[in-house]
Amino acid sequence: MKLLLDTHIWIWSVSDFGRLSRRVAKELDSPQNEIWLSPISIWEAMYLHRKGRLKVKEGFSTWLKRALTIFSFTEAPFTFDVAEAIATISLTQADPADLFLAGSAKAFGLTLVTSDRNLIRAKEISVLEN
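For the sequence shown, the numbering used here begins at 81 and goes up steadily by one.
Calculated from the structure, these hints are not laboratory results.
Note that the structure is predicted; figures quoted are calculated from it, not measured.
A few of these clues could be false.
Unchecked claim - Derived lysine-lysine pairs resembling DSS-like cross-links, with alpha carbons at most 25 Å apart:
1) Lys145 x Lys135
2) Lys145 x Lys131
3) Lys145 x Lys82
4) Lys145 x Lys106
5) Lys106 x Lys82
6) Lys203 x Lys82
Full structure from sequences and hints, please.
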């Protein structure tokens, strides 16, 4: 399975693994799965850190370096295809980062790993619920 991590799932996999369900933890640990990450999640983590909602002991740059090595990630870049896919996804009250992630999941044929109720309800994408 090709798994795209929602930002909070990525953060939890680095800093709070216990918040992941057994199923999600198992899928993330499986060598048969490919783990994808969007640069949007890096931006969102930086934004959360600046707002004081993501606290890291070692400083954000050090945390980020560690967070990017926890898995062998495939990058889910923001492309024209992703932008086009966003227009086809019906998400109510979605923030821009959620739209980018949902569009990436659709454009690249990925399963989005999330706890976000709004994303879980999106019929246009494959979701693995945490």
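> Hey, Lys145 versus Lys106, does the alpha-carbon distance stay inside 25 Å?
Replying inline: holds, 24 Å
>> Please verify whether Lys106 and Lys82 have alpha carbons no more than 25 Å apart.
In response: holds, 14 Å
> Regarding the pair Lys203 and Lys82, is the alpha-carbon distance no greater than 25 Å?
Replying inline: This hinted pair holds, its Cα atoms lying about 18 Å apart.
> Hey, Lys145 versus Lys135, does the alpha-carbon distance stay inside 25 Å?
Replying inline: Distance ~15 Å between Lys145 and Lys135 Cα, so the pair holds.
> Can the restraint linking Lys145 and Lys82 be considered satisfied, given a maximum Cα separation of 25 Å?
Replying inline: holds, 23 Å
>> What's the verdict on Lys145 and Lys131, does the C-alpha distance respect the 25 Å limit or exceed it?
In response: holds, 20 Å
Checked against the numbered hints given earlier, the structure satisfies every one of them.
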